[in-house]
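Asks: Chain residues, written in single-letter form:
Protein chains: 2
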Amino acid sequence: MRATVMYAAGDVRVEEVPDPVLTAPTDAVIRVTHACVCGSDLHPYHDLPDTPGGRRMGHEAIGVVEEVGSAVTTLSVGDTVIVPFAWSDGTCAFCRDGITTSCVHGGFFDGAPSATQAEKLLVPQADGTAVVVPAGTDEALMPSLLTLSDVYLTGHHAAHQGGVGPGKTVTVIGDGAVGLSAVLASAQLGAETIILMGRHTDRTDLGREFGATHVVAARGEEGIAEVLEITGGEGSHVVLEAVGHLPAYEQAYGVVRPGGTISRVGVPQYEDAPVGFASLFGKNATLTGGPATVRAYLEAVLPQVLDGTIDPGRVFDRELPLADIAEGYRLMDQRQALKVLIRP
Amino acid sequence: MRATVMYAAGDVRVEEVPDPVLTAPTDAVIRVTHACVCGSDLHPYHDLPDTPGGRRMGHEAIGVVEEVGSAVTTLSVGDTVIVPFAWSDGTCAFCRDGITTSCVHGGFFDGAPSATQAEKLLVPQADGTAVVVPAGTDEALMPSLLTLSDVYLTGHHAAHQGGVGPGKTVTVIGDGAVGLSAVLASAQLGAETIILMGRHTDRTDLGREFGATHVVAARGEEGIAEVLEITGGEGSHVVLEAVGHLPAYEQAYGVVRPGGTISRVGVPQYEDAPVGFASLFGKNATLTGGPATVRAYLEAVLPQVLDGTIDPGRVFDRELPLADIAEGYRLMDQRQALKVLIRP
Numbered sequence: 001m002r003a004t005v006m007y008a009a010g011d012v013r014v015e016e017v018p019d020p021v022l023t024a025p026t027d028a029v030i031r032v033t034h035a036c037v038c039g040s041d042l043h044p045y046h047d048l049p050d051t052p053g054g055r056r057m058g059h060e061a062i063g064v065v066e067e068v069g070s071a072v073t074t075l076s077v078g079d080t081v082i083v084p085f086a087w088s089d090g091t092c093a094f095c096r097d098g099i100t101t102s103c104v105h106g107g108f109f110d111g112a113p114s115a116t117q118a119e120k121l122l123v124p125q126a127d128g129t130a131v132v133v134p135a136g137t138d139e140a141l142m143p144s145l146l147t148l149s150d151v152y153l154t155g156h157h158a159a160h161q162g163g164v165g166p167g168k169t170v171t172v173i174g175d176g177a178v179g180l181s182a183v184l185a186s187a188q189l190g191a192e193t194i195i196l197m198g199r200h201t202d203r204t205d206l207g208r209e210f211g212a213t214h215v216v217a218a219r220g221e222e223g224i225a226e227v228l229e230i231t232g233g234e235g236s237h238v239v240l241e242a243v244g245h246l247p248a249y250e251q252a253y254g255v256v257r258p259g260g261t262i263s264r265v266g267v268p269q270y271e272d273a274p275v276g277f278a279s280l281f282g283k284n285a286t287l288t289g290g291p292a293t294v295r296a297y298l299e300a301v302l303p304q305v306l307d308g309t310i311d312p313g314r315v316f317d318r319e320l321p322l323a324d325i326a327e328g329y330r331l332m333d334q335r336q337a338l339k340v341l342i343r344p
Numbered sequence: 001m002r003a004t005v006m007y008a009a010g011d012v013r014v015e016e017v018p019d020p021v022l023t024a025p026t027d028a029v030i031r032v033t034h035a036c037v038c039g040s041d042l043h044p045y046h047d048l049p050d051t052p053g054g055r056r057m058g059h060e061a062i063g064v065v066e067e068v069g070s071a072v073t074t075l076s077v078g079d080t081v082i083v084p085f086a087w088s089d090g091t092c093a094f095c096r097d098g099i100t101t102s103c104v105h106g107g108f109f110d111g112a113p114s115a116t117q118a119e120k121l122l123v124p125q126a127d128g129t130a131v132v133v134p135a136g137t138d139e140a141l142m143p144s145l146l147t148l149s150d151v152y153l154t155g156h157h158a159a160h161q162g163g164v165g166p167g168k169t170v171t172v173i174g175d176g177a178v179g180l181s182a183v184l185a186s187a188q189l190g191a192e193t194i195i196l197m198g199r200h201t202d203r204t205d206l207g208r209e210f211g212a213t214h215v216v217a218a219r220g221e222e223g224i225a226e227v228l229e230i231t232g233g234e235g236s237h238v239v240l241e242a243v244g245h246l247p248a249y250e251q252a253y254g255v256v257r258p259g260g261t262i263s264r265v266g267v268p269q270y271e272d273a274p275v276g277f278a279s280l281f282g283k284n285a286t287l288t289g290g291p292a293t294v295r296a297y298l299e300a301v302l303p304q305v306l307d308g309t310i311d312p313g314r315v316f317d318r319e320l321p322l323a324d325i326a327e328g329y330r331l332m333d334q335r336q337a338l339k340v341l342i343r344p
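Sequence order for the protein chains is A and R.
All residue numbers for the first sequence refer to full-length UniProt numbering, where the first residue is 1 and numbers rise by one.
All residue numbers for the second sequence refer to full-length UniProt numbering, where the first residue is 1 and numbers rise by one.
Chain A on its own, in the form it takes in the complex (with noise of 0.2 Å):
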């Protein structure tokens, strides 16, 4: 089969590689139907060194089910079925307490021997982490629904972590589609006023049909500024940060109010930044957030995606396949687009 491999920054290439085996009996094996590319993904894409093994890229995706092993009970060859980007046991304590991404037998397709963009996709823990999508679901409805293996439950993940609800005012920080993805959640959980911090207008125009009562362009001190008047000098009460540059962490305890919520999605590109008396105790400011635990959400939001109180496929603005796959990183990293699906 044809798998996207990544051998050093900007180095992107589809190759043919061997179909993916079931090697345990809680395996699948899907054909991957539809995939994309993550704004996390621009990261190795950025700064991967060489790799001479290359590298499997890809961890959202939808398919349909070729093979399954003989302890999986709740997926039939021929199902449709959405695949987070974490696979999870669904039994383990931590899955129970619904952080599946820190379940005992999980992991993430970043990186493994079988990531999404491919041909095919070998599942672990198949019974816990694909969920099938009802027979007969309208084609039109599958960007969305590929949304719900990563982005707008990573959205979601952020805004339900931080606390939003009616009448609170909520901030967010970055217009990529997490950021998007996180001010349609909020609108959805009934958070009263919306700010998104971007600068890309074609983007914040789609945060605006998300839900964004505010779009504020500046950053850093000047982007602090502004929230700050926009909410009567008070901050925000809950702030979602969806870009993961420090930066971006650095706008987020200026903008918080006293005793407010950070919640991050964005993976962090540091491991240490200010928490003390000056950034976060001082003003009982609450730190949330980490990997989104897209699982223990998907069954409750997958009914809005398929009635259609929800359209988060709007995050996808241009669609390629396969063999065009290194152009739809291209596409991304120069900002020439916002989503890129990919159908292999």
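Everything labelled a hint here was simulated from the structure, so no lab data went into it.
Possibly wrong hints are sitting among the right ones.
Claimed, not checked - To be clear about the criterion: a stretch of chain R counts as covered by chain A if any three or more of its residues have a C-beta under 8 Å from a C-beta of chain A, and this derived list gives those stretches:
#1 94-104
#2 268-277
#3 283-296
Glycine is no exception: its CB is placed at the ideal position from the N, C-alpha and C atoms.
Following the hints, complete the assembly by docking chain R onto the known chain A.
Replies: Chain R in isolation, oriented as in the chain A frame:
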């Protein structure tokens, strides 16, 4: 009157200073009957640079109202009152949220012109700040009531912000008076397992009486391993960090369970710390806490002391007159006393 003044690390003096006078109609002046030395007073005791003008010390007090400004309505001359370590108006947006330490008219007695280790104290925003102790309250309850100005309610804040409740496993880092208070508060809030990390047997013995189910004397990697073993390898739902130094924070993220919460009340003696994928983010851990919003809890917890449900004053193991307060600092610094009560 006499007041405690620190001029440099280790240089604590009791000196004659002018009596405080009302400066605003919302002020009150109290005669301090009970004060104490706080673990956080030891930070300047270790590192205060030479300060020719001196720094007034103390932020915990019970006293008798001597004089009130014309706008004060809830206090009368002769009332015995508890004064939290921060003053607050009780009416601003942040006070209404319960974040009284961020009051827009608030401040901290620490380093203020009038502080509590003195014969008299100027209390700004007296109506919002001071809480009246019912007339006729037994003198024997005063030490426990004094802990409601800071130490017990700081432990309570840690536990409350951390989400301690029935069924939860809680690890308390630090066997100082705040850590022991956090143990007692966690027991009150119904924690199932309370692991106290501390190495001073006399203190951890009191911790067991306050409700600790386990004591771990080891620190660092060894201490983390012991806590993980006690929790069946899963980690602690809540970690209460009552020290303020970076190694305690590192222990905290080492023992927190995926999806769990670290609640800090030890004033951080650092600004930057690990918060990335390897520490907090990867396991969806939440970091919360800050200066205790003592005033927001005081009225709810007061009856528990008055009716004998809790006896947090047991953290006081020495009592000294104001004249000997320098000895009180020395005893606490040398760990010969847990917490020293001062009678001006």
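Asks: State for each hint whether it applies.
Replies: Each hint, compared with the structure:
{"no.": "1", "hint": "94-104", "verdict": "holds (count 6)"}
{"no.": "2", "hint": "268-277", "verdict": "holds (count 9)"}
{"no.": "3", "hint": "283-296", "verdict": "holds (count 10)"}
The structure is consistent with each of the numbered hints, conforming to all of them.
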